[in-house]
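Using the UniProt record's numbering, you'd call the opening residue of the sequence shown number 1 and step up by one each time.
No wet-lab data here; the hints were simulated from the structure. Note that the coordinates shown come from a computational prediction; the quantities given were computed from them, not determined experimentally. Treat each hint with caution, since some may be false.
[To be verified] BS3-like, lysine-lysine: derived pairs with alpha carbons at most 30 Å apart:
#, residue 1, residue 2
1, 136, 27
2, 136, 24
3, 151, 162
4, 136, 151
5, 136, 16
6, 24, 162
7, 16, 162
8, 151, 27
9, 136, 72
10, 72, 24
11, 27, 16
12, 151, 24
13, 136, 162
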Amino acid sequence: MSFLLYYFNGCRLAEKVFPDEDYKIHKNLLIVGAPGTGKTMIMQIFADYLRLIRNPSQFENLSVTQMMNYYKMNGHIDLYSYNEGQSKGFNPAPFNICLNDIGLETENQKSYGTSLDSVIDEFLYARYEIYQQFGKKYHITSNLNIGDFRKRFEGRLIDRFKSFNVIPLLGNSRRR
């Protein structure tokens, strides 16, 4: 928890919490672990906390299911990438975001012939560009382990995962 508190408040002490890791405060977060270990809940708590204190690192939480439903209804995911619908002129208005539960089976579905896992890929490509151009972070939670990520995503996307601090949440499900 101390790492996340330091990290979200832009404090370089975050980089020293786990000296054996190469965590950096400028990187995005990829939180991985078994179902029920608290990945999504931790990010929901931090999203609320950062919003309450009006921290510039605040972010919106988005589930893969929400994004898939939005795509099925609208045929695009602009709201969660460049957010051009909210922009003035040709200036996109992206925001920090956390995509929860990458790797769900729902990604294997199709919508009017479009594979929804390609929508996830599109999101990741766009968010990497946004991170590079606008400094807007994108965090991810997933039940996939690193080996599963390598199987699921192509080489170009895997290379972009270097922009993440990979944080494993270990243990059994805490759900009751």
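Each hint tested on the structure:
no.: 1; hint: 136 <-> 27; in the structure: holds (10 Å)
no.: 2; hint: 136 <-> 24; in the structure: holds (15 Å)
no.: 3; hint: 151 <-> 162; in the structure: holds (16 Å)
no.: 4; hint: 136 <-> 151; in the structure: holds (27 Å)
no.: 5; hint: 136 <-> 16; in the structure: holds (23 Å)
no.: 6; hint: 24 <-> 162; in the structure: holds (11 Å)
no.: 7; hint: 16 <-> 162; in the structure: holds (19 Å)
no.: 8; hint: 151 <-> 27; in the structure: holds (23 Å)
no.: 9; hint: 136 <-> 72; in the structure: holds (25 Å)
no.: 10; hint: 72 <-> 24; in the structure: violated (36 Å)
no.: 11; hint: 27 <-> 16; in the structure: holds (15 Å)
no.: 12; hint: 151 <-> 24; in the structure: holds (26 Å)
no.: 13; hint: 136 <-> 162; in the structure: holds (16 Å)
Violation of the numbered hints given earlier is confined to hint 10; every other hint is satisfied by the structure.
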